[in-house]
Amino acid sequence: MKLEEIVAEAGLTVQTAPQRLDTEVTGGYASDLLSCAMAKGQRDNLWVTLQAHPNIVAVASLLDLAGIIITEGKKLNTGTVEKANEQGVCIMTTEHATFTIVARLAELGVPGVD
Amino acid sequence: MEKKPIQEITRLQELTYELTVEQAMTPKVVTVSPHDTMSQFREVLRVNRISGTPVIEDGEMVGVVSIEDLIKSLAAGELDATVGEKMCRRIETLYADEPLVSAVDKFTRFRFGRFPVVDREGHLVGIITQGDIMHTLLRRLEVDYRAEEIHRYRASHIFEDIVADEAALVFGYRIIGKDFDRAGAASGNLKTTLSRLGFDSRIIRRVAIATYEAEINVVVYTDGGEIVAEVRPDRIRIEALDNGPGIPNIDLAMQPGYSTAPDWVREMGFGAGMGLANIKSCSDKMKLESTVGVGTRLEITIYVN
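Listed in order, the protein sequences are those of chains A and B. Residues in the first sequence are numbered consecutively from 1, following this note's numbering. Residues in the second sequence are numbered consecutively from 1, following this note's numbering.
Hints may contain errors.
[Claimed, not checked] Heads up, simulated DSS-like pairs for lysine-lysine below, C-alpha to C-alpha not over 30 Å straight-line:
#, chain 1, residue 1, chain 2, residue 2
1, B, K285, B, K178
2, B, K106, B, K28
3, A, K2, A, K40
4, B, K287, B, K178
5, B, K178, B, K280
6, A, K74, A, K40
7, A, K40, B, K280
8, B, K280, A, K75
9, A, K2, A, K74
10, B, K28, B, K72
11, A, K74, B, K178
12, A, K75, A, K2
13, A, K40, B, K28
14, A, K2, B, K106
15, B, K106, B, K72
16, A, K40, B, K72
17, A, K75, A, K40
18, A, K2, B, K28
19, A, K40, B, K106
[To be verified] Residues of chain B placed beyond 12 Å of chain A at every Cβ, according to the derived structure:
#, residue
20, E14
21, T31
22, P34
23, I56
24, M61
25, E68
26, V101
27, S102
28, T108
29, E121
30, L124
31, D181
32, R182
33, Y212
34, E267
35, V292
[Unchecked claim] Partial list, derived from the structure: chain A residues whose beta carbon lies under 7 Å from chain B:
#, residue
36, L33
37, L34
38, P54
For the record, the hints were derived by calculation from the structure and aren't laboratory data. Ideal placement from N, C-alpha and C gives every residue a C-beta, glycine not left out.
Produce the complete structure using the sequences and hints provided.
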């Protein structure tokens, strides 16, 4: 499934790098620990997290993730937005909690990575 | 002289097999009813900036109407005629999961301007024009051949150009302690460099993860240090050096989940005690030496084959 369709179906708000919406998403992983995301995330995966500071961009960029979904309406600081646009990392936000959005992604057929 | 164009054509042909109709089509289909007038249809084209639509009656596709039909109606002064009278009743469709090459074939055979796209149950899911195909192919080619590729081409031949029994490239990256804004920059730059050198993406992934964790450790626990990568065609050796406080008990530090990170660092999602474990799982050889009050030296080797 394309990231664009997931954004539409799950009601996500795209905050950065909309050029990545064309990506075919390969799976998803949820954690607020950066090292865990680093260990588990695969190319073109979605990463669901509460973390909104600039360091999430480096993780997504190093792993070539399809994008990051930030939950519970957490606001991004300008540093995060700038860095993400610069490195082509798509960040999406949602008012929903992590559990809710992960359940929605699963419903849409996005497989979890273990 | 002929070589390059031939390669490019082959890549284009390859792409028409790799991509599906679904990837090139426009998924949001504007439709009209056979009872609409051609004048209403003209408005639909103008507002949506499109050149044709499927015609739907009671949920069934009954035809396709295009700008060509509109021009004919205009010429005949029949803008009040219905779409049903002017549309093309012969419906040729494409399946969404067909390779793009089927669409290319069909455009050549039928010389239609567009084809409705249906899923295997026959539901209308999109519409495709030759413009959509060109746009998709060009976008993919652009991704394939953007400037990054030029770097990659130049850099990936570097080892072949060096005359030596053994050759290594050495890259150094400075890490600033406690600077979380720049944390990850060294590993990001190393990743870009290795990718330009033409290393396999699985190798790059392992190097990226191991280097990132090493870099974060230097940022979190020390006032700064450096990362040196020694790159050979058959192996990559990474050294992370710092003059920080040192690790009192290396065995304990290696245990997954063990961490001495302060709370504010943990709140950022760092300091989960997984860093060294991640490094270990990504590397073929790992050596960690540390002296309290002097500093730490981490050496990682990843074999390329």
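Okay, the hints, checked on the actual structure:
Note on K285 of chain B and K178 of chain B: the hinted pairing holds, with a Cα-Cα distance of about 28 Å set against a maximum of 30 Å. Among the hinted pairs, K106 of chain B with K28 of chain B is consistent with the structure: their alpha-carbon atoms are about 21 Å apart, no more than 30 Å. At roughly 21 Å between alpha-carbon atoms, K2 of chain A and K40 of chain A fall within 30 Å of each other, so this suggested pair holds. A hinted pair counts as satisfied when its Cα atoms are at most 30 Å apart, and K287 of chain B with K178 of chain B qualifies at roughly 24 Å.
Proposed proximity of K178 of chain B and K280 of chain B is supported: the alpha carbons are some 24 Å apart, at most 30 Å. This hinted pair checks out: K74 of chain A and K40 of chain A have alpha carbons roughly 23 Å apart, not beyond 30 Å. Note on K40 of chain A and K280 of chain B: the hinted pairing holds, with a Cα-Cα distance of about 14 Å set against a maximum of 30 Å. With a C-alpha separation of about 35 Å, the suggested pairing of K280 of chain B with K75 of chain A is violated against the 30 Å cut-off.
Proximity of K2 of chain A to K74 of chain A is assessed by CA-CA distance (about 24 Å); at most 30 Å being required, the pair is judged to hold. Proximity of K28 of chain B to K72 of chain B is assessed by CA-CA distance (about 27 Å); at most 30 Å being required, the pair is judged to hold. This hinted pair checks out: K74 of chain A and K178 of chain B have alpha carbons roughly 24 Å apart, not beyond 30 Å. Distance check on the hinted pair: K75 of chain A and K2 of chain A sit about 25 Å apart at the alpha-carbon level, within 30 Å; holds.
With a C-alpha separation of about 35 Å, the suggested pairing of K40 of chain A with K28 of chain B is violated against the 30 Å cut-off. Simply put, K2 of chain A and K106 of chain B have alpha-carbon atoms about 26 Å apart, close enough for the 30 Å limit, and the pair holds. Proximity of K106 of chain B to K72 of chain B is assessed by CA-CA distance (about 24 Å); at most 30 Å being required, the pair is judged to hold. Simply put, K40 of chain A and K72 of chain B have alpha-carbon atoms about 60 Å apart, too far for the 30 Å limit, and the pair is violated.
With a C-alpha separation of about 25 Å, the suggested pairing of K75 of chain A with K40 of chain A holds against the 30 Å cut-off. Using a Cα cut-off of 30 Å, the hinted pair K2 of chain A and K28 of chain B holds, with the two alpha carbons roughly 14 Å apart. Between the alpha carbons of K40 of chain A and K106 of chain B the distance comes to roughly 43 Å, so the proposed pair goes past 30 Å and is violated. No beta-carbon of chain A is positioned within 12 Å of the beta-carbon of E14 of chain B; the least distance is around 17 Å.
At roughly 19 Å, the least C-beta separation between T31 of chain B and chain A is larger than 12 Å, which holds for a residue marked as non-interface. Distance check on P34 of chain B: its Cβ is at least 30 Å (rounded) from any Cβ of chain A, clearing the 12 Å threshold; non-interface status holds. Look at I56 of chain B: its CB is around 22 Å from the nearest CB on chain A, clear of 12 Å, so calling it non-interface holds up. Its beta-carbon lying about 23 Å from the closest one in chain A, M61 of chain B satisfies the requirement of being farther than 12 Å from that chain.
Distance check for E68 of chain B against chain A: the nearest CB is about 31 Å away, which clears 12 Å, and the non-interface claim stands. V101 of chain B, annotated as away from the interface, keeps every beta carbon of chain A farther than 12 Å; the closest lies near 19 Å. For S102 of chain B, the requirement that its beta carbon stay farther than 12 Å from each beta carbon of chain A is met, with the minimum near 20 Å. Every beta carbon of chain A lies more than 12 Å from that of T108 of chain B, the smallest distance being close to 27 Å; the non-interface claim holds.
Taking the minimum C-beta to C-beta distance to chain A, about 17 Å, the non-interface status of E121 of chain B holds against the 12 Å cut. At the 12 Å boundary, the C-beta of L124 of chain B stays outside the reach of chain A, the nearest C-beta of that chain being 17 Å off. Chain A draws D181 of chain B into its interface by the beta-carbon criterion, the shortest separation being 6 Å against a cut-off of 12 Å. Here R182 of chain B does not stay apart from chain A, with its beta-carbon only about 9 Å from theirs, under the 12 Å limit.
With a cut of 12 Å on Cβ distances, Y212 of chain B falls inside the contact zone with chain A, its closest approach being about 6 Å. Against the 12 Å criterion, E267 of chain B falls within the reach of chain A, whose nearest CB is about 9 Å from its own CB. With a closest Cβ-Cβ approach of about 24 Å to chain A, V292 of chain B is found to remain outside the 12 Å limit, as its non-interface label requires. The interface hint given for L33 of chain A holds, since its Cβ lies 4 Å from the closest Cβ of chain B, which is under the 7 Å cut-off.
With a least beta-carbon distance of about 4 Å to chain B, the hint placing L34 of chain A at the interface is held under the 7 Å criterion. Interface hint at P54 of chain A: satisfied, since its Cβ lies 6 Å from the closest Cβ of chain B, which is below the 7 Å cut-off.
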